[in-house]
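Novice: Dock the two chains into a complex; use the hints.
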Amino acid sequence: MLSIVAAVCLLTAQAPGPGLTARDSAFHALNRLAYGARPGEADSVARVGVMRWIEQQLDADHISDSRLAQREHEFKILHYDRGDLAERFGTAQRERQRRQREMKAGDTTNLDAVGPMREFRDLGGELQQLAIVRAAVSERQLREVMVDFWTNHFNVFVGKGADRFLLPSYIEETIRPRALGRFEDLLIATARSPAMLFYLDNAQSVAPGSAPPRPMMAPFRRRRFGMNELPEDRRRRPTGINENYARELMELHTLGVDGGYTQQDVINVARIFTGWSIQPPERGAGFAYHDWAHDQGDKVVLGQKFESDGEDEGVRLLKFLASQHATMHHVSAKLCARFVADEPPDDCVDAAVAAWQKTHGDIRAVLRAIFTSPDFWAPQVVRAKVKTPFEFVVSAVRAAGIEPDSTPRLARLVGRLGEPLYQQPAPTGYPETEAHWVNSGALLARMNAALMLAKQCSSVPTVPDHSQLVEAIDQKLLGGTMSAHTKSVILEQLADINDPEQARTLAVGLALGGPDFQRQ
Amino acid sequence: MTISRRVFVKAGGLALVSLGLDPLFLGRAAYALGRPFGAPGPILVCLFQRGAVDGLNMIVPHGEPEYYQERPRIAIPATDVVDLDGHFGLHPSLAPLKALWDNKSLAAIHAIGSPDATRSHFDAQDYMETGTPGVKSTADGWANRYCQHDREHANTPFRAVAFGPQLPRALAGSAPSLAIDDLQAFGLRVPQEAARDRLTRAFEELYDGAGTGLLASSSREGFEAVQMLKRADPTQYRPDNGVEYPPGRLGKTLLQIAQLIKADVGLEIAFADCGGWDTHVNQGSSEGQLAARLRELGLALAAFDKDLGDRMRNVVVLTMSEFGRTIHENGNSGTDHGHATAMLALGGPVNGGRVLGRWPGLSAEQRFEGRDVAVTTDFRDLFGEILARHLGATDLGAVFPGYEPSPGRFLGAIRG
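The listed protein sequences correspond, in order, to chains S and C.
In terms of the numbering used here, the first sequence has 313 at position 313, counting the first letter as 1, and numbering is strictly consecutive.
So the mapping is simple: the numbering used here equals the position in the second sequence, first residue as 1, plus 1000.
Here chain C stands alone, though its shape is the one from the complex (with noise of 0.2 Å):
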């Protein structure tokens, strides 16, 4: 069904072509058909914390006795905390986000995650990803459920991009994404922008003949996306409001993401993992692992948010991670895996300024299995919330099979 709809679009691509107009021009007609010409729609970003990041030294319950009393070696000191609200704060590597706590632009959820009590990576991270906890054989992912289902958004190259050599599990499917490694070698890789344009153009002829099928209209878009890329020609760019971006692989996928946005190819959907959270062994505090990693995260978040400046007000930034650790700290001034953690989202549209979620407290016999924080948001409540109320997707029953998603438990992340 998709490839008769995509084939559709596209045939009538075709007969613009032929009408002598040129493929920017298609690209840019296919997208305003989508929302009025000059005002992008509603984005979101997701950064995978691949690892399981420890959410209780990431939004730090410094208000708990019993999170001292766990964590003799690893907890942050409470006058380290950049304090949030009396009972939460952040740890001291994310100070760089607390004036978009300020301004409410940034929320925090804590005690999220699968209803799944795997403990392992690979399946949680899995779980999160298909949005079908427990379900191993669900094909695709989350995201391109969305983009399947919710067709309100034109279908540009654009419109679901994954930073990174592959595809993740929560693009994966049967609507079209991109997987981006980096964007200034989106396209044929010739040195030579004579040679590469040349090649380009009798590429795009061979499939131009290869008649209607999806080879043909794929190829017609691969082409539009690198006709789209090259105007908004990103060997140039240069962050808004002074930005530096943190060195480092996350700061690289950020400004790219940023870049994207700008270029207004239509973008709805970027996704972009961190890893480095898998924190067993010599975590640290206020320093040391995790806090440098925080750091990294805080800096990036911060800038990005910077760069984009006014754009922010159509942009979510939402932050996953498979699931939290221990509450104890292990013998190796570590964690181990656990069950809930902390996600952050930010961007204008967010209802921020507050720790959303019900906080389960962490004495005994208010943990999961003994051990870890309970889970008391699934994260489909959450991503479901800003599925429907930020990108505006009208069927959640598709996007999370097997699934009721009802507004009655969404968190109130989004701004009504």
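The shape of chain S in the complex, shown without the other chains (with noise of 0.2 Å):
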């Protein structure tokens, strides 16, 4: 019944704007629900029907993607569960402390490149790399990307502490299931999960004056919970209420900065989730209430009462929070300006506001909204973002056909562009504006990248007649979107070469380095 509205909505929809051919439609809807064409794709979807292929991403379920179930199956990290990393991490920092205490002095062996150290460290790698194949390979899209944004909207620092085990469970379990969901499931996911609250301190947020019974006593006296910093905190038992969680959550994951909360909203928050916290890591490092450690006064935040309930208080909480206007009006601009325009044009937010308030907050058919919104498709917006480093790298994989191995090889190179994959300190995430990403070192490493991908492009096929190979790398890349000065001066440059794999190598080369590729 649901999917027959959709349709009829869609068919009424206003679909693909003024001024853009079906081919066109298809390359820019490609830019922004996937990690861009592969080749050929804007025709497959042209043909298709964008509008109708829109929905097939919506309904990424009943997608099959079997070629990336095939590819998962290289990476070990998928093979460990929670519990498992934190043993392993436990027993790689125990093994390093050991090598420490019998270092001589002036040994400068990096303890962190040796041993199960270095083991630990590699399922980092592999953990990053994961990302790109899933970007590139997957069938689901629009899901790859949506498992994007809200990673990074609920960033969690994968250097802090425990969230170095902590974080695989995060993305597998608590992320991936739940990206194109309810944005209320997703919120209480991220607050239950135990790399959150480990990066955002709540696990150490008790009400003042509580204690634990004395069995309980054991995760804060344990010396190996976590990396060394921890031991530092948990020696002292925590003594108080900790507001970072609680101010994030309303800045960064709910209403925003402007969204009307006080000082004393956050201090209440964090009381209502005191006793938030995680199990010792020899118990599987999951989530834990302790009602020991939680604030029994009643609450008020935002002018709502919370009475005294426990642990569901905290969940009634999140249930509220996701359904305020202001927290619906943040996350749909934030999505506008991933989907759109770094500037997201209001019409847009507007409508993402009201099929939020109209589902409830289903995610999808926020994302429906957005993508049958006239701004998505209006000329301003098509080819107008700049690709964030992650997004480079990954397009264009996808369009010279190159096929991401195991290795965090691209993974490292996306860092270098500035984008190290779980590695934003601030739980702001990484920024989606042009004005973040594009500067002179950025520009010039993006410009390196791309000479040493053009090497393995296998997708533009080697032709001698120089006019017909940028044809063919137009078509292939740029989804027939290359303009006529980068076209110019290729041309220029391949003049004087008559090896036609060399003229290949540096056409593909200046094509993704160039300014065309850059934007999305």
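Worth flagging that the hints you see were computed from the coordinates, not collected in a lab.
Treat the hints loosely; a few may be bogus.
List of simulated lysine-lysine pairs, DSBU-like, C-alpha gap at most 35 Å [as the list claims (entries may be wrong)]:
id : chain 1 : residue 1 : chain 2 : residue 2
1  : S       : Lys334    : S       : Lys299
2  : C       : Lys1098   : S       : Lys487
3  : S       : Lys487    : S       : Lys455
4  : C       : Lys1306   : S       : Lys455
5  : C       : Lys1104   : C       : Lys1262
6  : C       : Lys1262   : C       : Lys1252
7  : C       : Lys1306   : C       : Lys1098
8  : S       : Lys455    : C       : Lys1098
9  : S       : Lys358    : S       : Lys299
Label-pair distances were calculated between CB atoms; the ranges are [what the hints assert, rightly or not]:
id : chain 1 : residue 1 : chain 2 : residue 2 : range
10 : S       : Pro213    : C       : Pro1115   : 32 to 38 Å
11 : S       : Asp291    : C       : Ala1117   : 24 to 30 Å
12 : S       : Glu173    : C       : Glu1365   : 45 to 51 Å
Ideal Cβ placement from N, Cα and C applies to all residues, glycine included.
Specialist: Next up, the structure:
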């Protein structure tokens, strides 16, 4: 029934805007809902009909993705659960300390680069590369885009203590299954995730004056939890509330910085979440609620009273925040900045908010509203957004027909371009705007990356005629949108090159590193 | 706002190009707008000791009996300390810096740190780089905000440079800043020079046709920087005065910073990391792990000073670390995460030969939370003084939001 309604909506919705051919529309949709077009993909999407393709992408579960499933087998990290990783990390940590104790003066061995620490670090590289492979290979492109969006919206820094072993399950179990679900579910899942509880310090937020019953002291006494920095904080049992999560929950995850909350609201939210914590690693490092640490008083947030109700209080608060207009507006505007334009147009945001209200935060309905908004198809937004480093690398890999391997090579490249995955320390996540990503050093780095990737390009044939070559590159890499200026500069550069292979690599490098390919 | 300004500056540059002036001249001209040609401006070099350096064994309070009582295995024996003022002294590994103390261009700042009590490396580094202790969501760093707000200095591509693979938080933000991993490899990485020049020209042309947006202006800046560096020719660099930098990453980094300073490309803030200070286990005393790290630091700083010679009159080098370490040594002959630490400031403008800041003492009632050196100087008071009195910052309130900078709290680290 719902799908019929959706289909009817789509038929009546303003589909691709004026001035866009079916193929241009398809290319635009592939740039925004996917990590760019693979060679020929703009044509195939145009044949299906771009709005039908969008609807298929929104219904990701019904897209077969066997090739990705096959590729995922290569990644060891997916074979370990949170408990395994916690244990491996503990072992690595103890081994590191043992080596450090035995170290002689003047020994400059980097202890993180040898033995089990090295193995653990390699798993981190795998986790990053897995994101690249999924983004490049998956047929469920929109879902991968949304996984990236939410991972960034609910950012957790992998380098902070226990998050080194908590992050993989955060991605797999918290974010991925809910990327196209309901916002409220995602919000609750992140709030309960050990990774977030540790990252924003809620795990150690306790009601002032509270003390654990004696056996419960153990998790705070253990010296082996997480990194060196952890025992420090743990050895001294936490003695009061920590506001970090409460503040970022409202400022970043839900209401937005101008969302109308006060410092007193922040304190009361922190009180509501007292007791939301983490099990010790040897018991799996999962979510734990400690009633002894919970502030038993009543709290008021944004004028709404939350009666003392243990763990459920927090869930009620999250549902309340998820349904606030400020939250709908803040998150919708962020989605529009990601999919439409750095400065999201008001109409588009309003359409997203209306869909949110109507469906109580069904992410797919909100996205559908954005994709059917005239703003999404407006000529001034088409090819106007600059790709982030991650988008740049993955779209180049897809366009050039490069099969990403399971080594962290491409992940490191993304890092060199300024967006090391999961390594943004600030809870804001990485910014979306052109001003952040475009600067002289970053552009030179992109040109170098393009020259390197060009050597592996398999999608462009070697043809002796330079005009034909440039035409092929335009079709395969840029969906026929290469500017006349780019064409003429590349042709000029090819003028004195006779070796067709050399010409191909040079031309592909210039096309991938040039201005047209930086845009989406 | 920053964008339109940059576009404006570059649009001016574009006009010059169309008059047939080459990009190299353009870079020079842009730089000369800021100050008289040939008169290099003030430079700040920040060295972040990541991992929390043990301030008590770096600048040793050898006059405090508690220091020796608390550290039976790792204290620096008074006979080994390089005495500075009868109360404090340098770790023996820092002996190469004694001459700078004696000529009054080296100062130590003790009991400095953050008002935030966190003992997490991650949080404390973050706070020291954003310049907003206790506020996690600050998006940009203090050094970048300085560049955003103080525009006297012309924006050359090399105004703010981090040496390393990634931009540190302190330099992150909307003002342009560069991360350079290796000065010699800056630009297009193509082995043969002819091929490199050709590709450089090709990309320059491609982006020149990209209109007037940020893509075009930024690429122009980038190629300008490449040209400026090419002229400075980093591959041929030889340190002056027969200086040899110590082997290792820190020496290499400081050498490259010296190189960039001598190239006169408009460097104003350089930022570099040096790690290995998280000495929980087997820290050592006059010899050992910490001694080895400090030896490298001392040798590298001394080499940098000697290499730059007379140019040090415009340079301040500031070391910083996220917090200090426990007064009491732990069961593993190491130290755990503490609170206040020590920093070093050196260079011509530094009011050296003194240990600055109020020393809180080490006895039980003088400590922070009963165990750590108390913070008596907020790091922003020192950073702010250097920004204002050395670089000429005019709007410290914008650099350190939520903080009331007051010259009354300046330590007097910079000569008046």
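Novice: Confirm or reject each hint.
Specialist: So, going through the hints one by one against the coordinates:
1. Lys334/S / Lys299/S: Cα-Cα ~30 Å, so holds.
2. Lys1098/C / Lys487/S: Given pair Lys1098/C, Lys487/S is violated - Cα atoms ~62 Å apart, limit 35 Å.
3. Lys487/S / Lys455/S: holds, 20 Å
4. Lys1306/C / Lys455/S: violated, 45 Å
5. Lys1104/C / Lys1262/C: Given that 35 Å is the threshold and the Cα spacing comes to 23 Å, the pair holds.
6. Lys1262/C / Lys1252/C: holds, 15 Å
7. Lys1306/C / Lys1098/C: holds, 13 Å
8. Lys455/S / Lys1098/C: violated, 53 Å
9. Lys358/S / Lys299/S: holds, 29 Å
10. Pro213/S / Pro1115/C: 32 to 38 Å: At 35 Å between Cβs, range holds.
11. Asp291/S / Ala1117/C: 24 to 30 Å: Check passed, 27 Å falls within 24 to 30 Å.
12. Glu173/S / Glu1365/C: 45 to 51 Å: holds, 49 Å
The earlier numbered hints that this structure contradicts are 2, 4, 8.
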